[in-house]
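Engineer: Below are the chains, spelled out letter by letter.
2 protein chains.
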Amino acid sequence: MPKRVDHRERRALIADALMRVAAEQGLEAVSLRHVAAAAGVSSGMVQHYFRTRDEMMTFALAVVRERNEARVTRAVAALGATPTPRALLRTMLAELLPLDEERRADGRVALAFLAYTAVRPAVAAALHDETAALLGFIAGLIRAGQPAGAEGRVDAERAAVGLLAVMEGLGIYLLGGHYPPETALAALDTQLDLLLGPEQAA
Amino acid sequence: MPKRVDHRERRALIADALMRVAAEQGLEAVSLRHVAAAAGVSSGMVQHYFRTRDEMMTFALAVVRERNEARVTRAVAALGATPTPRALLRTMLAELLPLDEERRADGRVALAFLAYTAVRPAVAAALHDETAALLGFIAGLIRAGQPAGAEGRVDAERAAVGLLAVMEGLGIYLLGGHYPPETALAALDTQLDLLLGPEQAA
DNA sequence: TCCTTTGCATTGCAGTTGCAACGTAAACGC
DNA sequence: GCGTTTACGTTGCAACTGCAATGCAAAGGA
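If you read the sequences in order, they're chains A and B.
With my numbering applied, the first sequence covers 1 to 202.
With my numbering applied, the second sequence covers 1001 to 1202.
Take the hints with a grain of salt, since some may be wrong.
Some chain A residues close to chain B (C-beta under 8 Å, calculated; not the full set) [said to hold, decoys possible]:
1. Leu114
2. Ala115
3. Tyr116
4. Ala118
5. Arg158
6. Tyr179
7. Ala186
If you want the footprint, here are the derived chain B segments under chain A, 3+ residues with CB under 8 Å [unchecked claim]:
8. 1098 to 1112
9. 1118 to 1124
10. 1163 to 1176
Source of the hints: derived by calculation from the structure; they are not laboratory data.
All values derive from a computational prediction rather than experimental measurement.
The C-beta atom is built at its ideal place from N, Cα and C for all residues, glycine as well.
Let's have the full structure, built from the sequences with the hints guiding it.
Structural biologist: Right, here's the structure in full:
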């Protein structure tokens, strides 16, 4: 074996540069040369690790999703061993909102990819399973978190669809700067109150 | 005055072509020549009515918003003179969802512009007032629609933020094909049930 | 030692982009 | 008729794009 290099590391380096470019100027500005410049490498190297631009895009999309997943996993782990369903839900959803600059940057990239996949149905289809699984998980938490005696007051599956949509929509409006983070969090809590009953005073 | 032409008509014709291109291939594919070809005119003519590409984009963005407004206005007018707050809310929000192919196409364009404005804060800022006004209106309807005795159970302003976010999020997921229109409508109705109490059986 | 594989840089090319420049034809005031 | 203004169409250009091709150095195996 000749000169050995960690492929994943290099690809991650490039994807990182791609996301910086995309976050600042949109996916339109993501070209081989542009990304290469942002990563401080030659465009030939970018081509070495991604044979086509589309391959690079696909990889970056995967990175965005993995980052979100990692964020959620970390935040949930910090809750301890036995969080209440409500705390778990709130932590998960709040973590996915673009509440600080880092998550805003990622959010802009994610939004760009959303528009990107909207005209590439094949790519979008790959995400359906993930959404379905997430919806199922949320529905379970809703069922577990509803006050005793109130089960079935609202259909948990439908409520899960609504709750995930709230989160997505709040993210969109936050990115647009239509209201401050506190407003989004308040709306999220109101939503949880509606679903699970008002939070018990501590 | 020499040869007189209806400027608005021409610009609308071009914007229409732009939206067709954007809906099918994304905003990246929106170039002078591409749009001109889709409109069946010369690229020189496009340049005559829009001095820069950015000017064309800005105009198209305005068209998208006007289309939505017109849609909502028309649907609300069809409700008659004195609709219930709940009916008004549901009609407005459902009309904004991409439930048929026409609205899906518009929705794809709107989503593309969302990503577009996310990296152009100046453009995005122009939309804040509109959102604020819409939120105020929705909050008023929520207050009016809440069952007697339940006023103040949830803060109407917060609930409005959540409701608008639900609509936006449902639209996103619909565009991605993550679930069928009925699921989105069911989630919307569930949301209204939560806010205003279960619908009275007819 | 040579040879093959890998990592990366450079160059080149065909295609596309936004936009300026220039042309011309038609409509109107005079 | 003439000049001016508007409404286009055409051409050209510099900048950029993705990508193929080529070159070359380094690191191993034989």
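Engineer: The structure should be examined with respect to each hint, and the outcome stated for every one.
Structural biologist: Here's how the hints hold up against the structure:
1. Given hint, A/Leu114 at the interface with chain B, holds; its Cβ is 6 Å from that chain's nearest Cβ, closer than 8 Å.
2. At about 4 Å, the closest approach between the beta carbon of A/Ala115 and any beta carbon in chain B falls short of 8 Å, and the interface hint on this residue holds.
3. Restraint check, A/Tyr116 versus chain B: the minimum CB separation of about 7 Å is within 8 Å; hint holds.
4. Taking 8 Å as the C-beta contact cut-off toward chain B, the hint placing A/Ala118 at the interface holds, the least distance being around 5 Å.
5. Interface restraint check: A/Arg158 against chain B, minimum CB-CB distance 4 Å, threshold 8 Å, status holds.
6. Of the supplied interface hints, the one on A/Tyr179 holds, with its beta-carbon coming within about 7 Å of a beta-carbon of chain B, less than 8 Å.
7. Residue-level restraint check for A/Ala186 holds (minimum Cβ-Cβ distance to chain B is 5 Å; threshold 8 Å).
8. Here's how the region 1098 to 1112 of chain B fares: 3 of its residues keep a CB closer than 8 Å to some CB of chain A, so the rule of at least three is met and the hint holds.
9. Under a criterion of three residues with beta carbons nearer than 8 Å to beta carbons of chain A, the stated coverage of the region 1118 to 1124 of chain B is upheld, 4 such residues being counted.
10. A stretch counts as covered by a chain when three or more of its residues have a beta carbon under 8 Å from one of that chain; for the region 1163 to 1176 of chain B and chain A the count is 11, and the coverage holds.
The structure meets every hint from the earlier list without exception.
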